[in-house]
Amino acid sequence: MGADSGPGAPSAVPWRKVLYERQPFPDNYVDRRFLEELRHNVGVRQYRYWPVVREASLVAQQLSCVAVFLTLWWYMYEGQLSPFMLLLAGLMSALLGYALYEALGGSTDGRRTRLADLQSAAIFLAFTFGFSPVLKTLTESVSTDTVYAMSAMMLLAHLVTFPYTQPSPPGSLSLNAALFGSVCLASRLPGALHTFAMLTCALLVFALWPCLLRRLRDRAEWGFPWAAALVSVGGVCGLASQSPGGALLLALALLVLILLCPLLLLWLQRHKNNIHGPWDEAEIREDLSRFLQ
Amino acid sequence: MVLKIFFPQCCNMADSGLLVGRWLPGQESAVVLAVIHYPFIPGQVKRYLSDLQRESQVELSVLGSWSMPKEGQEGMESFLRDLSTIFPQGRWLQLSREMGKRAFNCQVVQRDMGAPPSAEDENCNGNGKGGGVILIHYDQRKVMLSQLHPTEGGAGGGDSATGAEPSQLRLVFQTVAQSQPLFFIDKYDDSPLKLTHWQSEGREASILVELAKQASVPLCLLLTWLLSLWTWLCSSRILNLWPVRFVSSKFSTCVQLSYRAEHLQTVSSPRKASDHREFMRKANIFVSFFVDVALGLLLISWLYRENRIGRLADTLVPVADHVAKELQELLQWLMGAPAGLKMNRALDQVLGRFFLYHIHLWISYIHLMSPFIERILWYVGLCACLGLTFALSVLSDIVALLTFHIYCFYVYGARLYCLKIYGLSALWRLFRGKKWNVLRQRVDSCSYDLDQLFIGTLLFTILLFLLPTTALYYLVFTLLRLVVVLFQGLIHLSVDFINSFPLFATVLRLCRPYRLSEGVKFRVLCEESGKPLHLMMEINPLRYSSVLQLYRTPTYSCYPKDSWMALCRKLFVGELVYPWRHKSTKTD
Numbered sequence: 001m002g003a004d005s006g007p008g009a010p011s012a013v014p015w016r017k018v019l020y021e022r023q024p025f026p027d028n029y030v031d032r033r034f035l036e037e038l039r040h041n042v043g044v045r046q047y048r049y050w051p052v053v054r055e056a057s058l059v060a061q062q063l064s065c066v067a068v069f070l071t072l073w074w075y076m077y078e079g080q081l082s083p084f085m086l087l088l089a090g091l092m093s094a095l096l097g098y099a100l101y102e103a104l105g106g107s108t109d110g111r112r113t114r115l116a117d118l119q120s121a122a123i124f125l126a127f128t129f130g131f132s133p134v135l136k137t138l139t140e141s142v143s144t145d146t147v148y149a150m151s152a153m154m155l156l157a158h159l160v161t162f163p164y165t166q167p168s169p170p171g172s173l174s175l176n177a178a179l180f181g182s183v184c185l186a187s188r189l190p191g192a193l194h195t196f197a198m199l200t201c202a203l204l205v206f207a208l209w210p211c212l213l214r215r216l217r218d219r220a221e222w223g224f225p226w227a228a229a230l231v232s233v234g235g236v237c238g239l240a241s242q243s244p245g246g247a248l249l250l251a252l253a254l255l256v257l258i259l260l261c262p263l264l265l266l267w268l269q270r271h272k273n274n275i276h277g278p279w280d281e282a283e284i285r286e287d288l289s290r291f292l293q
Numbered sequence: 294m295v296l297k298i299f300f301p302q303c304c305n306m307a308d309s310g311l312l313v314g315r316w317l318p319g320q321e322s323a324v325v326l327a328v329i330h331y332p333f334i335p336g337q338v339k340r341y342l343s344d345l346q347r348e349s350q351v352e353l354s355v356l357g358s359w360s361m362p363k364e365g366q367e368g369m370e371s372f373l374r375d376l377s378t379i380f381p382q383g384r385w386l387q388l389s390r391e392m393g394k395r396a397f398n399c400q401v402v403q404r405d406m407g408a409p410p411s412a413e414d415e416n417c418n419g420n421g422k423g424g425g426v427i428l429i430h431y432d433q434r435k436v437m438l439s440q441l442h443p444t445e446g447g448a449g450g451g452d453s454a455t456g457a458e459p460s461q462l463r464l465v466f467q468t469v470a471q472s473q474p475l476f477f478i479d480k481y482d483d484s485p486l487k488l489t490h491w492q493s494e495g496r497e498a499s500i501l502v503e504l505a506k507q508a509s510v511p512l513c514l515l516l517t518w519l520l521s522l523w524t525w526l527c528s529s530r531i532l533n534l535w536p537v538r539f540v541s542s543k544f545s546t547c548v549q550l551s552y553r554a555e556h557l558q559t560v561s562s563p564r565k566a567s568d569h570r571e572f573m574r575k576a577n578i579f580v581s582f583f584v585d586v587a588l589g590l591l592l593i594s595w596l597y598r599e600n601r602i603g604r605l606a607d608t609l610v611p612v613a614d615h616v617a618k619e620l621q622e623l624l625q626w627l628m629g630a631p632a633g634l635k636m637n638r639a640l641d642q643v644l645g646r647f648f649l650y651h652i653h654l655w656i657s658y659i660h661l662m663s664p665f666i667e668r669i670l671w672y673v674g675l676c677a678c679l680g681l682t683f684a685l686s687v688l689s690d691i692v693a694l695l696t697f698h699i700y701c702f703y704v705y706g707a708r709l710y711c712l713k714i715y716g717l718s719a720l721w722r723l724f725r726g727k728k729w730n731v732l733r734q735r736v737d738s739c740s741y742d743l744d745q746l747f748i749g750t751l752l753f754t755i756l757l758f759l760l761p762t763t764a765l766y767y768l769v770f771t772l773l774r775l776v777v778v779l780f781q782g783l784i785h786l787s788v789d790f791i792n793s794f795p796l797f798a799t800v801l802r803l804c805r806p807y808r809l810s811e812g813v814k815f816r817v818l819c820e821e822s823g824k825p826l827h828l829m830m831e832i833n834p835l836r837y838s839s840v841l842q843l844y845r846t847p848t849y850s851c852y853p854k855d856s857w858m859a860l861c862r863k864l865f866v867g868e869l870v871y872p873w874r875h876k877s878t879k880t881d
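So the protein lines, in turn, are chains Y and D. Numbered according to our numbering, the first sequence spans residues 1 to 293. Numbered according to our numbering, the second sequence spans residues 294 to 881.
Chain Y on its own, in the form it takes in the complex:
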């Protein structure tokens, strides 16, 4: 910038911002109009509190989903929940969810037929059932702490990598991490049928529920907050029945996620200071289609 204030600069010739002409100025010379084109915060969206809360509830409900799954596993581990019960409940909720999905969906994307859905379900069930004895003995020789640590890592990875903007279909890494974690957990259960029930449950919670939620958010906007709230409350209540301390922590986390984090976002939004100017990379605005013909 030193060249700008050079006193001996000849002012007879006006400076032009071009490189193809030889001018009596140093190469790095700029004149007083330099910062005239500076602009702040171009295209920044102004958030409002309640829509942000509404979106944040998606994160909260995913956290609660993990809590619900862990609660169910805990019940199975303690032997307080029989696998038949879980399978029955899973079947009921799957049917209910599928009916809701179909009712909401209409036939806008007619790619998947009912037969294909049935086929997928058959594959899920057959493979899980067939592999459950193998899965049962899989982690026998691995210590319990290792298994817990591994599942905790995997579920955390699931939460971190979950595609919150586009929850359906769930991203590969997040779904795979969740399934890996649930296989690890399920292999600690006492019987092969328990493993089977647990994996079916994991499939429902981690793979199919995000699909339904997405459909709900697209088609029935009013229902989405209610569903998220229902899952959150369910997660907290379920956890409370096993460990009140954990439930308290979860509730606190959910409150922070839903209420405080949007506030923080809005507050930080005021400090946003993006500068734009002619030094930015070129952005082609022109319609290029006429060149491509």
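Misleading hints may appear alongside valid ones.
[What the hints assert, rightly or not] Computed far set for chain D versus chain Y, every beta-carbon distance over 10 Å:
#	residue
1	PHE380
2	TRP518
3	THR754
[Said to hold, decoys possible] Only some residues are given here: those of chain Y computed to face chain D with a beta carbon under 10 Å:
#	residue
4	ILE123
5	PHE124
6	PHE127
7	LEU138
8	THR139
9	SER141
10	THR144
11	GLY171
12	LEU173
13	LEU175
14	LEU179
15	VAL183
16	SER187
17	GLY191
18	LEU203
None of these hints come from the bench; they were simulated from the model. What you are looking at is a predicted structure, and each value in this text was computed from that prediction instead of being measured. No residue lacks a Cβ here, since even glycine has one placed at the ideal position from N, Cα and C.
Chain D: place on chain Y using the hints.
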């Protein structure tokens, strides 16, 4: 430009006469080949030279005169000088010796056809006027017999500093070697011309050589006929069926047999070796074949005495039994909790039982075989009379057959492990939502269906947790296999060594170092003022390493096919490693 005259040592003391030799085309140098003594009839000399030229394809000519002072022969000088008019040449050399002096005098007479000769007399032993003359003495016999390396076609490197020198040196060597017919005249021969040149010491031994040459022709023909019979047998349809061929390519004895047949075919071909390389190749094969057979007969004479075969057979079965027992104990150990490793119990048990059953089969097989082993060894041992290499190959095959169970274990373990590694790597890509794009040879991202993801993750988990068990089995059996491969590899290496070692060339280099030359070195003989510089040309023998490199018989060499890194990578991925090489990778 310095004029170089290559002068044979044997002519140092020759009587006066004419110098016969060749001006090297395009070079300022002349090679003196012989001295024709006075008295002679010029017409006879010319006819003789033209005869020789036709025979040897070397442009021989009279280079000049040679005078050696003797009592009662004064006045030769002027006579010899006048000879230049009889033998018209562009340049006339006049070499002369004085009594009691080592150095020669040298005069070069430049002659234009028109001008009187004495006008352009140039006295080269004068005060360094014009270009000098260097007399280079050489041993005619050694130069004639030696083969300059690198042989034809190779760029002459390293033997001299200047660029023109190698070709000049090569020309000298070629000239001397090609004018062999010149040297056939004995000094006792009663021919009209008397010559001095290198002479062979005598021809008594050469009678034996001639007889052997005569005898070798029918022998070669017989051998060729037998070999053609053999090749006909080999090309018959039964032996070319797939399983037979496959099995025979895996037995090192069969490989050695075909290899030996090929060698004999080379040796016994009735055509004369066309060049030096081919001759050396034949000789090498011939000599190493004889040494091989001699060693094999020595082995037989040792082996078939004092019932050594029987004792060998008696120890062989218990050893095989013992190995099987040790393997059984190893498997029992692996089926427990080896080294405190956390293995998958179910898979561990399955694999362990599978392998135990295999060993059980193996032991019963050995016991079934045991009464016949001595007989088999007796007959198989006979093939050592074909050569030591055959005995070694048979030993390698016996080891391979007796450790077949280890090989089986290794293959099972490696296949299982390989399957797991490949499955895991593919499923790990699926786990991250990527896939291998075959067309572009890279990893692309891909959106999978829900059921694909589910099943993939399920399999991934299973494979991941079962990997340590498989890997442990693989590791143990690979180590066992490597021991066997190492042993077989050593045997193959020694067989290959015997097959390919250039014994003839090495012995030649040892006993007649000048036969294989790599260049020359010059030593100053005498340097007197007023006399031309006298240099002694000595032949640099070829280095032993180059002898080995040049004359090694090409074989299906069984040096490790891949580098150590590649071997480690193969072992890690679980690809099979073999001690033998595939035939397609024959090095030529």
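Hint check:
1. PHE380: holds (83 Å)
2. TRP518: holds (67 Å)
3. THR754: Violated, since 5 Å does not exceed 10 Å.
4. ILE123: holds (5 Å)
5. PHE124: holds (6 Å)
6. PHE127: holds (5 Å)
7. LEU138: For LEU138 (chain Y), the interface hint holds, since the closest Cβ of chain D sits about 5 Å away, which is under 10 Å.
8. THR139: holds (6 Å)
9. SER141: Holds, because the Cβ-Cβ distance from SER141 (chain Y) to chain D comes to roughly 4 Å (cut-off 10 Å).
10. THR144: With a closest approach of 12 Å, the THR144 (chain Y) hint is violated.
11. GLY171: holds (7 Å)
12. LEU173: holds (6 Å)
13. LEU175: Holds. Min distance 5 Å.
14. LEU179: holds (4 Å)
15. VAL183: With Cβ-Cβ at 5 Å, under 10 Å, it holds.
16. SER187: holds (8 Å)
17. GLY191: Given a least distance of 16 Å, the restraint on GLY191 (chain Y) is violated.
18. LEU203: holds (7 Å)
When the structure is compared with the earlier hints, violations turn up for hints 3, 10 and 17 and for no others.
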